[in-house]
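*Asks:* As a plain string of letters, each chain reads:
Protein chains: 6
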Amino acid sequence: MTTRADGRADDELRPITFTRGFTTHPAGSVLVEFGGTRVMCTASVTEGVPPWRRGSGLGWLTAEYAMLPSSTHERSSRESVKGRVGGRTHEISRLVGRSLRACIDLGALGENTIAIDCDVLQADGGTRTAAITGAYVALADAITYLKAADRLNDPQPLSCMIAAVSVGVVDGRVRIDLPYEEDARAEVDMNVVATDAGTLVEVQGTGEGATFPRATLDKLLDVAMAGTEKLFEAQREVLAAPYPGTLPTKS
Amino acid sequence: MTTRADGRADDELRPITFTRGFTTHPAGSVLVEFGGTRVMCTASVTEGVPPWRRGSGLGWLTAEYAMLPSSTHERSSRESVKGRVGGRTHEISRLVGRSLRACIDLGALGENTIAIDCDVLQADGGTRTAAITGAYVALADAITYLKAADRLNDPQPLSCMIAAVSVGVVDGRVRIDLPYEEDARAEVDMNVVATDAGTLVEVQGTGEGATFPRATLDKLLDVAMAGTEKLFEAQREVLAAPYPGTLPTKS
Amino acid sequence: MTTRADGRADDELRPITFTRGFTTHPAGSVLVEFGGTRVMCTASVTEGVPPWRRGSGLGWLTAEYAMLPSSTHERSSRESVKGRVGGRTHEISRLVGRSLRACIDLGALGENTIAIDCDVLQADGGTRTAAITGAYVALADAITYLKAADRLNDPQPLSCMIAAVSVGVVDGRVRIDLPYEEDARAEVDMNVVATDAGTLVEVQGTGEGATFPRATLDKLLDVAMAGTEKLFEAQREVLAAPYPGTLPTKS
Amino acid sequence: MTTRADGRADDELRPITFTRGFTTHPAGSVLVEFGGTRVMCTASVTEGVPPWRRGSGLGWLTAEYAMLPSSTHERSSRESVKGRVGGRTHEISRLVGRSLRACIDLGALGENTIAIDCDVLQADGGTRTAAITGAYVALADAITYLKAADRLNDPQPLSCMIAAVSVGVVDGRVRIDLPYEEDARAEVDMNVVATDAGTLVEVQGTGEGATFPRATLDKLLDVAMAGTEKLFEAQREVLAAPYPGTLPTKS
Amino acid sequence: MTTRADGRADDELRPITFTRGFTTHPAGSVLVEFGGTRVMCTASVTEGVPPWRRGSGLGWLTAEYAMLPSSTHERSSRESVKGRVGGRTHEISRLVGRSLRACIDLGALGENTIAIDCDVLQADGGTRTAAITGAYVALADAITYLKAADRLNDPQPLSCMIAAVSVGVVDGRVRIDLPYEEDARAEVDMNVVATDAGTLVEVQGTGEGATFPRATLDKLLDVAMAGTEKLFEAQREVLAAPYPGTLPTKS
Amino acid sequence: MTTRADGRADDELRPITFTRGFTTHPAGSVLVEFGGTRVMCTASVTEGVPPWRRGSGLGWLTAEYAMLPSSTHERSSRESVKGRVGGRTHEISRLVGRSLRACIDLGALGENTIAIDCDVLQADGGTRTAAITGAYVALADAITYLKAADRLNDPQPLSCMIAAVSVGVVDGRVRIDLPYEEDARAEVDMNVVATDAGTLVEVQGTGEGATFPRATLDKLLDVAMAGTEKLFEAQREVLAAPYPGTLPTKS
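Chains as they are written, first to last, in the numbering used here: chain A, 2 to 252; chain B, 2 to 252; chain C, 2 to 252; chain D, 2 to 252; chain E, 2 to 252; chain F, 2 to 252.
Read the hints as simulated data drawn from the structure, not as lab findings.
Don't take every hint at face value.
Note that identical chains are pooled: a pair holds if it fits in a single copy or bridges any two copies.
Straight line, CA to CA, 25 Å or less: simulated SDA-like cross-link-like pairs of lysine to any residue [what the hints assert, rightly or not]:
#, residue 1, residue 2
1, K148, S77
2, K231, A211
3, K83, E48
4, K148, G56
5, K148, E75
6, K251, H74
7, K148, E48
8, K251, A241
9, K231, E34
10, K83, W53
11, K83, T63
12, K220, E230
13, K148, P249
14, K231, Y181
15, K83, R102
16, K83, N113
17, K148, E238
18, K231, D219
Based on the sequences and whatever the hints tell you, model everything.
*Replies:* This is the structure we're talking about:
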């Protein structure tokens, strides 16, 4: 039987950790680790919304994802120096934003913007799914912060929890939470974003130089949704502790 | 019962047409229409491959998607003038390239590149799926052209056909091939890229300000895969006619 | 005697066609063909004017010209991907805008902007002159649209018709409407923009690696102005038919 | 009778001066003044040619035109800071390059490039025509420099002289060498590039919010070509003096 | 007497910590903390040198500094998204590179490049001096790595240690290692880069809306150089431990 | 004894000249020459201030430095064409702005901006110090202009004079005002910006591939401050003459 290089079962997640209050300036700041993948996820609150949304009374949530040049196995070039954001970066930033907007009532924010930043400090596969999962925790902290400051129109704007995980077919087997060495040779690769209500937010499955039968898609989804259940448990556990910094007093 | 504005059944495609030989310079040039959505899809052959692939003996296939400024209901700004390609454009270009690379043996091309261009002349929903479906036909023509010129290492480098369709939940109903007015208010939106062998290449499903149960995903896939079957028939029919231009003679 | 490759007389235009209502979203949309050169010309109306013109009560007309990557004999690279508009593109965009502003009373528009887009689908010489000639027809349709919507301060803001044609010296002979194969080896190249009142809007003549006597300039102008007469006839004929779409009713 | 603000006759040039050897690093460096318009024109020689020309054995001549931010009546913004070259700058750079390539046998240079830079220190109308006229003198000096260094394949690669002048219709009168205050309100504006052999290199005439009869074009050309005769005299006179710096000895 | 908000003496550094092996992909990776300022400093080795240095037999060291958007008190915008690197970022990147090149014999590297990346995770004043001080430790680890891989021409290419500290005049008093709240209101601000041999690499002193007498400069230097002595002790102490990862074996 | 190539003593400046009224559109325009280094420095007044300063009642002073492509020994590429400003350019622009803001009471300007442009026509070392020294003279002229127009809130907003000079260690000797050939091989390089009150504005000292003892820093400062004294004398002398253009009358 083919076993995984790190000894995990096919449906076993890597060790997952969340460090809340990883930095102190943003309202929410979380270092999320999915094994060797480490992403700093922050949620910053700024007054105002983009021009196209002004006057609506609604808030906005935006997200940016990026990899530090030294986060990859071989150093990659810096997008600010190249002067343009690459297609992959753009695509993941949009995915993170869409995923988190699925759980929040933007009307509750008033005309304020929450900016999510997911900066990959170390990449070992699954950076986008770790980013989404960590960003949810940072977002939850930012909401706690806003509530303490009495800046919400509704006391609970988050309607559900959000987590994401990668699944794929490697060596002909369906596996979860692929590290880089598996991801690089996966035949099928899928990212699933789900809610703790058991519903789906995003499903993105891709054959990598191969195509896949629908039965494989079903199997991948089974494994992914079992995995997100474990991620929700981990999120709940870490969020059970109090807000990691000093909360503002109502103004 | 809610009916669709254009009178279609929920699982009925819009009228699909392919005009081969739409322009004459590229080896393959197809105008594809999915109802009011019209995309010019071309496949141009150039010698050489990108630097990272040189010396491999393998070819490459790349794709670029773009919308003309006047293709949308309200004129949109021109990306060349803004000086940067937007995230959506980047994302769809990558999707088109991945989708078509799934059906081609790049080794058969030698160190040549096929550049797919999908330029949207008129947008009315489903531009990315029309682009993929039309680009397959342009690619098939380009392969015919290369074969006539005796430039292929393998007489049949295409292992399957590729088509794509959008599906979504609108007014609580699962529908196929959404026009703009349905797409703009869909609760769930999914794009499916499939092969005529019944396998999947890409599945991208998104809740738009909503989340969706797995049963909906299954229903959406059922409808989509029935739709791609009809697209394969249309592709087969149009490709039964001879190459629309003058083929090169073997050099 | 040297004859032209396509059998035309030296002072004979290629077949000219205009397809009004080529696409449906813009107020004016015309596919113009000068032989193998095909340009999609649209005129879109948007509210407001650029910042430097606000408060003047005057409208504005702007124009953008671009070639699709697959429109040329050898595929050319996409300017949006390169991140900058090339000098030739800039220059022609400016020429198209200046040419059409010569025939319109911008005061009649109120503070609205007409955006002209000329996108070359297939290039075979004379793309800029075809663009101007086709854009006039699109502009005329947009004016009809605005009049129907009761959005004009003056019922006839167009003071004349505009058309353009290329002329040049090829094989020592003065010829009109050069296709690519003549244009590429022309000794002198001139573009003339004229009005149906017999006046000139722009004259741009260039020696291509050669200089030319004034007598040649005179001969080129004679031929060009006879050619634009034929273009005005063609424009008049096609514009005699009713507006190709549904006109708005007065609001 | 309407007289010009600076007292000139309609067909009279402003005072024209050339300062050769204005700076010392380039092979040719000339400050040209057309009245208040002052342009620093340099011709720098570099080894090698652009990639598309390598291996041809032919040289190349390229030109860049730019205005210093403080050269205009109201300070204009710096194009390097904006991150893109504007359309007008692009257009004039291309014009200067084409104009000077009309007088030089590029085969005589071997695979070397002459880079012309025309930087406007002070703008008062006619900057592009002053730039071309001054750049010819800088080019002649650079050729003298290359000849002294024994780097030419042909001792006299310049086949003619090049000069340019603006003409226009102002207050209903045809005038030459328009300063800013006339240029800003000219009804017709034309730039003519000519050779001392009496031939034309470029003619660019534009109606500014107006159109013009062919008779006006003829009158403008008469005046322009008389004006370039005077510019050739001035060029000949200033070039009669020896090279303004130290010539290299043959290597 | 005015005391500092954090209770330090005027000439007292904030707590300094170095975490070697902070990430695992680069040859050297150090998290440096100067109080609340936290910078991830990495040293990555890549084969080859920039084009202008090829064939010299010498290596190169380059550096890039950047702040994460969420690192500042108020979130700042992302330079990759803006499409250009700001002046401050450019300036500090250049400073870091120059500073570290002062201690390394580039000939010992052969034609290899060491890329230093300093990414600020949390900013609280003195980010550039922390970056330089931490980058030295990362560089030392990268050299240990290269030595183990037998890729150095010289066993000890580092000729000295490098550290940097900020000093300034705040509330009329000369102070060291300014946090943000002091930096923002400092009258004079100076950054000093020094070697453990007691020499200087860079001195950059600036009056912030004020000028300063030379006596102040002398006092600032006294304090800074005493401070760098303490930084060298801290560097020595942390570098006394073995390399934090797995060293390569000689190939 | 090693003597300097141009025969100067180690502590002797090159010939310094200022040409006021070098161009006529800006309120202040000065050509400054430090030997072969020639910089055109202008001070342009525009209404309004940057967005972040609006409503403050305070003015602003901004500066941009640039080198013309032909100003260097070997022609350098044009930053506007490259589409980005280089790090060195950015850094010097910031230095010039900071230096001049040290001498001006921005409150006296009201909400107006003075834009300083320093364009290097010819580079022979010390361009940034010449730029600052010349820009002070242009600024003084712009202030005279504003005073005449009655646009100042305070009749004397300049609190001191500003000048700058380069010093360095070349051939082991401390020298002032290094020309290019000395600068290129200097072991230590320092730029000092000082006021006529004997205080310092900026000190930037750098070891170039070497480090330097503090005693050298002291010696460099001695020489530099003696040099700026001479520059203040030269500035005073040239500013003793009246404003070089026509002053506005009070409105």
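*Asks:* Regarding K148 and E48, is the shortest C-alpha distance of 25 Å or less found within a copy, between copies, in both, or in neither?
*Replies:* This pair counts as within: shortest intra-copy Cα distance 15 Å, inter-copy 41 Å.
*Asks:* Between the shortest in-copy and the shortest cross-copy C-alpha distance, which are at most 25 Å for K148 and S77: within, between, both, or neither?
*Replies:* between (40 Å within a copy, 23 Å between copies)
*Asks:* Regarding K231 and A211, is the shortest C-alpha distance of 25 Å or less found within a copy, between copies, in both, or in neither?
*Replies:* between (30 Å within a copy, 22 Å between copies)
*Asks:* At most 25 Å between alpha carbons: which applies to K83 and W53, within, between, both or neither?
*Replies:* Only across copies: K83 and W53 sit 18 Å apart there, 29 Å inside one copy, limit 25 Å.
*Asks:* Is it within, between, both or neither when you check K251 against A241 at 25 Å Cα-Cα?
*Replies:* Within one copy only: 22 Å inside, 50 Å across.
*Asks:* Is the C-alpha distance from K83 to N113 at most 25 Å within one copy, between copies, in both cases, or in neither?
*Replies:* For K83 and N113, only the inter-copy Cα distance (21 Å) is at most 25 Å; the intra-copy one is 31 Å.
*Asks:* Classify it for me, K220 with E230: is the Cα-Cα distance of at most 25 Å met within a copy, between copies, both or neither?
*Replies:* Cα proximity of K220 and E230: in one copy and across copies (16 Å, 23 Å).
*Asks:* For K231 and Y181, with the copy left unspecified, which applies at a CA distance of at most 25 Å: within, between, both, or neither?
*Replies:* within (21 Å within a copy, 38 Å between copies)
*Asks:* Indicate which option fits the pair K83, T63 if close means a Cα-Cα distance not exceeding 25 Å: within, between, both or neither.
*Replies:* For K83 and T63, the Cα distance is within 25 Å both inside one copy (23 Å) and across copies (15 Å).
*Asks:* Between the shortest in-copy and the shortest cross-copy C-alpha distance, which are at most 25 Å for K251 and H74: within, between, both, or neither?
*Replies:* between (46 Å within a copy, 20 Å between copies)
*Asks:* Can you tell me if K83 and E48 fall within 25 Å by alpha carbon in one copy, between copies, both or neither?
*Replies:* between (30 Å within a copy, 20 Å between copies)
*Asks:* One pair to classify: K148 and G56, alpha carbons no more than 25 Å apart. Within, between, both, or neither?
*Replies:* Answer is within: at 22 Å inside a copy they meet the 25 Å cutoff, but 32 Å across does not.
In the structure shown, no violation is registered for any of the earlier numbered hints.
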